[in-house]
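There are 2 protein chains.
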Amino acid sequence: MNEVELIHLILDRLGTAGRDAQLKIGPGDDAAVVAWEPEQEMVVSTDVCLDGVHVPRDCPGDLVGYRTVAMSVSDIVAMGAVPRYLTIALTIDQADVDWIAAFADGVRDGCTDANTTVIGGNLAKGVKQIAVTAIGSVPRGQAILRNTAEPEDDIWVTGKLGATSLALQTMTTWSPRGLSDLKRLTSTDVIARYLLPPIRTRFVDCVRECASACTDISDGLGFELTQLVSGSSYGYRVESREIPLWPSAELEEVLTQDDSYEILLTSANDKREMVLNYAQSSDIPISLIGKVLSTSDRIFIPDHDVISRTTGYSHF
Amino acid sequence: MNEVELIHLILDRLGTAGRDAQLKIGPGDDAAVVAWEPEQEMVVSTDVCLDGVHVPRDCPGDLVGYRTVAMSVSDIVAMGAVPRYLTIALTIDQADVDWIAAFADGVRDGCTDANTTVIGGNLAKGVKQIAVTAIGSVPRGQAILRNTAEPEDDIWVTGKLGATSLALQTMTTWSPRGLSDLKRLTSTDVIARYLLPPIRTRFVDCVRECASACTDISDGLGFELTQLVSGSSYGYRVESREIPLWPSAELEEVLTQDDSYEILLTSANDKREMVLNYAQSSDIPISLIGKVLSTSDRIFIPDHDVISRTTGYSHF
Chain R
585 MNEVELIHLI
595 LDRLGTAGRD
605 AQLKIGPGDD
615 AAVVAWEPEQ
625 EMVVSTDVCL
635 DGVHVPRDCP
645 GDLVGYRTVA
655 MSVSDIVAMG
665 AVPRYLTIAL
675 TIDQADVDWI
685 AAFADGVRDG
695 CTDANTTVIG
705 GNLAKGVKQI
715 AVTAIGSVPR
725 GQAILRNTAE
735 PEDDIWVTGK
745 LGATSLALQT
755 MTTWSPRGLS
765 DLKRLTSTDV
775 IARYLLPPIR
785 TRFVDCVREC
795 ASACTDISDG
805 LGFELTQLVS
815 GSSYGYRVES
825 REIPLWPSAE
835 LEEVLTQDDS
845 YEILLTSAND
855 KREMVLNYAQ
865 SSDIPISLIG
875 KVLSTSDRIF
885 IPDHDVISRT
895 TGYSHF
Chain V
585 MNEVELIHLI
595 LDRLGTAGRD
605 AQLKIGPGDD
615 AAVVAWEPEQ
625 EMVVSTDVCL
635 DGVHVPRDCP
645 GDLVGYRTVA
655 MSVSDIVAMG
665 AVPRYLTIAL
675 TIDQADVDWI
685 AAFADGVRDG
695 CTDANTTVIG
705 GNLAKGVKQI
715 AVTAIGSVPR
725 GQAILRNTAE
735 PEDDIWVTGK
745 LGATSLALQT
755 MTTWSPRGLS
765 DLKRLTSTDV
775 IARYLLPPIR
785 TRFVDCVREC
795 ASACTDISDG
805 LGFELTQLVS
815 GSSYGYRVES
825 REIPLWPSAE
835 LEEVLTQDDS
845 YEILLTSAND
855 KREMVLNYAQ
865 SSDIPISLIG
875 KVLSTSDRIF
885 IPDHDVISRT
895 TGYSHF
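Heads up: the protein sequence lines correspond to chains R and V, in order.
One point on numbering: in the working numbering, the residue at position 192 of the first sequence is 776, and numbering is uninterrupted.
One point on numbering: in the working numbering, the residue at position 233 of the second sequence is 817, and numbering is uninterrupted.
Keep in mind that the hints were calculated from the coordinates and are not lab data.
Computed cross-link-like contacts, SDA-like style, restricted to lysine to any residue with a CA-CA straight-line distance of at most 20 Å:
1) R/608 - V/726
2) R/767 - R/654
3) R/709 - V/900
4) R/709 - V/677
Assemble the whole structure, with the sequences as input and the hints as a guide.
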């Protein structure tokens, strides 16, 4: 297949998953056209998924497609915004029709789960990687930043952390189980959880209503905790034993290189019950792991000395 | 420098070029936040610039940065939309601070020329490539598609075509001339024109007011001509000698693989004077090269037999 035929294949597979009436012109022209609700602001984020870094080499296409969508959507959710539209640029070293078709299937499945839709993209020959731009909407002035935590705020995290390193240690061959089977296992199996990060769109209202600051966890919990107070001179105190870990996960790895794409947020004390209610009603596990300090101290209790690195993953 | 330091370096270099009051939160958070004018629709396009394909290998960073912006902006202009915002994802194999700083300079210069601004991005380690998402605005319902030409419409093209292949034939070493010097030469020098494609934002009003269909030329003129009528059963007749070529450029190459990023449009006969006036007032050369036919014939006069391929560049 040539480039045009492959693009048609992808678009056929994607179908109309997640489309809404605001999308006036979808993929296929020089650009997509979207009408925008005047009371909404637009939230825009770009991520890259690298073969061998963000996904294991030779990962089946549908798993890469799903993971790519989940990774990019988590940035939008962390702003308290509803994911709406994606553009996806796939670079791949050969016209591997089966892999590309599976990739499109995984993207479609992720879009269905995130209630978002692909409005454009690019296909080119080169080393395999995927660049995604995600566009979300949030009521005017209500986007939640990541560095605006206030002293005494509670610090919360969704889900469980540490699946990545456990999965990479135990994953020797690709499971014959397909995407839909793996999706059923994400609450019990580290490999499934690593490959298919959570899509927390049901948590958007909680972020917008309750959070004083919020980010997704893509570079280690320690780095993300520091982000929460990077706009101020505040610090934090975290109870290490309250950090929700997968069995056998190592805390230091979780602090320095976890990319679980769970949501980390702070909220005022008086919203504690509200956060718990949102978590319960949206069936999303949540843990209260500490609080924001008015000083710049960064304290982990009880094992502070174990944890000195908070720099997070660096590509360089 | 690590990843965070490199990102700061890039943001420092970019400065506030092209920013507008609608940008509420710029680069640095999980996502950018943009307020949108209710009477405007949003136009979104994603492009990838591959090292060794869209730019020669070892191309200086500032030239790659400028070219990347120009490439992505041309899709927005071709919709009759004003370029507003870009996200840029750079993947590079090492933390080459000088190259990255120069790249940011070139992006800034392109943004200044296009009156657009970078609102977010990504930096990762890998084979060098750049993915850009461009977002533009167009009054509601006025976006120009690329396949809606009508019979008897004039076919126009801006600028001159064919610089790419001529440049690649003659370019043996990198000119010591910098970006600003090269920019002054784009109307006379094929290498300068190839490296620094036109940013036709001054032509947006003409596209929106006059065009029945429009696209930019990124995959050969023949392929793009076919796009103009791909939504219908119409064809075209093009006078080959009216196609504006660089001296020594070969017509067949221009038809099959030109990526000059010039603007190709159709317009009704009765708008001919209006198009010419817009071109003159915006100081953009324009050529009337043919017309749309009510039949599906695709005719080049006088040398039709020379030109049979209209498939355009395919990555695969």
